[in-house]
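Peer 1: Each chain is listed here by its residues.
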Amino acid sequence: DTAVSQTPKYLVTQMGNDKSIKCEQNLGHDTMYWYKQDSKKFLKIMFSYNNKELIINETVPNRFSPKSPDKAHLNLHINSLELGDSAVYFCASSQDLLAGGSTDTQYFGPGTRLTVL
Amino acid sequence: AQKITQTQPGMFVQEKEAVTLDCTYDTSDQSYGLFWYKQPSSGEMIFLIYQGSYDEQNATEGRYSLNFQKARKSANLVISASQLGDSAMYFCAMREGLSGGFKTIFGAGTRLFVKA
Numbered sequence: 038d039t040a041v042s043q044t045p046k047y048l049v050t051q052m053g054n055d056k057s058i059k060c061e062q063n064l065g066h067d068t069m070y071w072y073k074q075d076s077k078k079f080l081k082i083m084f085s086y087n088n089k090e091l092i093i094n095e096t097v098p099n100r101f102s103p104k105s106p107d108k109a110h111l112n113l114h115i116n117s118l119e120l121g122d123s124a125v126y127f128c129a130s131s132q133d134l135l136a137g138g139s140t141d142t143q144y145f146g147p148g149t150r151l152t153v154l
Numbered sequence: 250a251q252k253i254t255q256t257q258p259g260m261f262v263q264e265k266e267a268v269t270l271d272c273t274y275d276t277s278d279q280s281y282g283l284f285w286y287k288q289p290s291s292g293e294m295i296f297l298i299y300q301g302s303y304d305e306q307n308a309t310e311g312r313y314s315l316n317f318q319k320a321r322k323s324a325n326l327v328i329s330a331s332q333l334g335d336s337a338m339y340f341c342a343m344r345e346g347l348s349g350g351f352k353t354i355f356g357a358g359t360r361l362f363v364k365a
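Line by line, the protein sequences give chains A and B.
According to my numbering, the residues represented by the first sequence are 38 to 154, in order.
According to my numbering, the residues represented by the second sequence are 250 to 365, in order.
Wrong hints could be hidden among the right ones.
List of simulated lysine to aspartate or glutamate pairs, EDC-like, C-alpha gap at most 20 Å [what the hints assert, rightly or not]:
{"#": "1", "chain 1": "A", "residue 1": "K78", "chain 2": "B", "residue 2": "E264"}
{"#": "2", "chain 1": "A", "residue 1": "K78", "chain 2": "B", "residue 2": "E293"}
{"#": "3", "chain 1": "B", "residue 1": "K352", "chain 2": "A", "residue 2": "E95"}
{"#": "4", "chain 1": "A", "residue 1": "K73", "chain 2": "A", "residue 2": "D122"}
{"#": "5", "chain 1": "A", "residue 1": "K81", "chain 2": "B", "residue 2": "E293"}
{"#": "6", "chain 1": "A", "residue 1": "K81", "chain 2": "B", "residue 2": "D335"}
{"#": "7", "chain 1": "A", "residue 1": "K78", "chain 2": "B", "residue 2": "D335"}
{"#": "8", "chain 1": "A", "residue 1": "K73", "chain 2": "B", "residue 2": "E264"}
{"#": "9", "chain 1": "B", "residue 1": "K322", "chain 2": "A", "residue 2": "E90"}
{"#": "10", "chain 1": "A", "residue 1": "K56", "chain 2": "A", "residue 2": "D133"}
{"#": "11", "chain 1": "B", "residue 1": "K252", "chain 2": "A", "residue 2": "E95"}
{"#": "12", "chain 1": "B", "residue 1": "K352", "chain 2": "A", "residue 2": "E119"}
{"#": "13", "chain 1": "A", "residue 1": "K89", "chain 2": "A", "residue 2": "E61"}
{"#": "14", "chain 1": "B", "residue 1": "K265", "chain 2": "B", "residue 2": "E345"}
{"#": "15", "chain 1": "A", "residue 1": "K81", "chain 2": "A", "residue 2": "D107"}
{"#": "16", "chain 1": "A", "residue 1": "K77", "chain 2": "B", "residue 2": "E293"}
{"#": "17", "chain 1": "B", "residue 1": "K352", "chain 2": "A", "residue 2": "E90"}
{"#": "18", "chain 1": "B", "residue 1": "K364", "chain 2": "B", "residue 2": "E266"}
{"#": "19", "chain 1": "A", "residue 1": "K77", "chain 2": "B", "residue 2": "D271"}
{"#": "20", "chain 1": "A", "residue 1": "K108", "chain 2": "A", "residue 2": "E90"}
{"#": "21", "chain 1": "A", "residue 1": "K81", "chain 2": "B", "residue 2": "E266"}
{"#": "22", "chain 1": "B", "residue 1": "K352", "chain 2": "B", "residue 2": "E266"}
{"#": "23", "chain 1": "A", "residue 1": "K46", "chain 2": "A", "residue 2": "E119"}
{"#": "24", "chain 1": "B", "residue 1": "K364", "chain 2": "B", "residue 2": "E264"}
{"#": "25", "chain 1": "B", "residue 1": "K252", "chain 2": "A", "residue 2": "D122"}
{"#": "26", "chain 1": "B", "residue 1": "K322", "chain 2": "B", "residue 2": "D275"}
{"#": "27", "chain 1": "A", "residue 1": "K46", "chain 2": "B", "residue 2": "D335"}
{"#": "28", "chain 1": "A", "residue 1": "K59", "chain 2": "B", "residue 2": "E293"}
Worth flagging that the hints you see were computed from the coordinates, not collected in a lab.
Sequences are here, hints too, so could you generate the full structure?
Peer 2: Put into structure tokens, the structure is as follows:
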């Protein structure tokens, strides 16, 4: 009955590799997000999708490409991994207020700890 | 300019006492939402409490309450009767506008230590 799930939980890889992180939510929400949390615990939004459409794209290297095959899934693909990409990546989802949600509280997945060697 | 400011990098509180974690925000929007999240050492982000800008009453959820002072642009989290399990990072966040499609900005967090 997990609400927002991410796989994998841990990802250790070499510089230059390409990797993907998957996210799924079973809350029926229409908006999904990717956040990056750095070593100082600072949490910053990377992308947001609403009904499979990209609506927020922060200043993120184009090596990062999100893909939303449907409302319940938002995957993150990272090309040519660099040392600075090491962080915890969180997926989250919310129900848009304009789409009838009572609040647009974001519910987070457990996070994926990415380590680039 | 910082949109969300949490001025206490770390706080200590004695078990069973109440503690207030400070949060101030900056926005010119009339409609916005304020959130608090808890991140224990296990790493997950746990939603605690929400306050809408038009809500006249302070939000409460169990031992958590949000002291919302709109004119001062502050949204402090009050935890009553602290427990050892409350030791964690606490993040204040703000969503501007009506839609979740607007960015939610997080503060730098406050690390709370509950002493036995």
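Peer 1: Could you run down the list of hints and mark each one as holding or not?
Peer 2: Each hint tested on the structure:
A threshold of 20 Å between alpha carbons decides the hint, and for A:K78 with B:E264 the separation of about 25 Å lies outside it, so the pair is violated. Restraint check for A:K78 and B:E293: satisfied, since their Cα atoms lie roughly 12 Å apart, inside the 20 Å limit. A hinted pair counts as satisfied when its Cα atoms are at most 20 Å apart, and B:K352 with A:E95 qualifies at roughly 9 Å. Distance check on the hinted pair: A:K73 and A:D122 sit about 9 Å apart at the alpha-carbon level, within 20 Å; holds.
Of the supplied pair hints, the one linking A:K81 and B:E293 holds, its CA atoms being roughly 15 Å apart against a limit of 20 Å. Proposed proximity of A:K81 and B:D335 is contradicted: the alpha carbons are some 24 Å apart, above 20 Å. Between the alpha carbons of A:K78 and B:D335 the distance comes to roughly 18 Å, so the proposed pair stays at or under 20 Å and holds. With a CA separation close to 32 Å, the supplied pair A:K73 and B:E264 exceeds the 20 Å bound.
Proposed proximity of B:K322 and A:E90 is contradicted: the alpha carbons are some 33 Å apart, above 20 Å. A hinted pair counts as satisfied when its Cα atoms are at most 20 Å apart, and A:K56 with A:D133 does not qualify at roughly 30 Å. Distance hint between B:K252 and A:E95 is fulfilled; the C-alpha atoms sit about 16 Å from each other, no more than 20 Å. Restraint check: the Cα-Cα separation between B:K352 and A:E119 comes to about 26 Å, which exceeds 20 Å; the hinted pair is violated.
Simply put, A:K89 and A:E61 have alpha-carbon atoms about 13 Å apart, close enough for the 20 Å limit, and the pair holds. Note on B:K265 and B:E345: the hinted pairing is violated, with a Cα-Cα distance of about 35 Å set against a maximum of 20 Å. Taking the CA atoms of A:K81 and A:D107, the gap is about 24 Å. The hint is violated against a cut of 20 Å. Restraint check for A:K77 and B:E293: the C-alpha separation of about 15 Å stays at or below 20 Å, so the hint holds.
The suggested pairing of B:K352 with A:E90 holds, with an alpha-carbon distance near 15 Å, which does not exceed 20 Å. Only pairs whose Cα atoms come within 20 Å are accepted, and B:K364 paired with B:E266 is accepted, the gap being roughly 10 Å. Note on A:K77 and B:D271: the hinted pairing holds, with a Cα-Cα distance of about 19 Å set against a maximum of 20 Å. Under the criterion of a C-alpha separation no larger than 20 Å, the hint pairing A:K108 with A:E90 is consistent with the structure, at around 9 Å.
For the proposed pair A:K81 and B:E266, the alpha carbon gap of about 32 Å is over 20 Å, so the pair is violated. Taking the CA atoms of B:K352 and B:E266, the gap is about 35 Å. The hint is violated against a cut of 20 Å. In summary, the hint linking A:K46 to A:E119 is supported, as the alpha carbons are separated by about 19 Å, within the 20 Å threshold. Straight-line distance between C-alpha atoms of B:K364 and B:E264 comes to about 6 Å, which keeps the hinted pair within the 20 Å bound.
A C-alpha spacing of about 25 Å is found between B:K252 and A:D122, which places the hinted pair above 20 Å, so the restraint is violated. Between B:K322 and B:D275, the direct Cα distance comes to roughly 7 Å. Compliance with the 20 Å bound is thereby established for this hinted pair. For the given pair, A:K46 sits about 24 Å from B:D335 by alpha-carbon distance, which is inconsistent with the 20 Å threshold. For the suggested pair A:K59 and B:E293, the alpha carbons sit about 16 Å apart, so the restraint of at most 20 Å is met.
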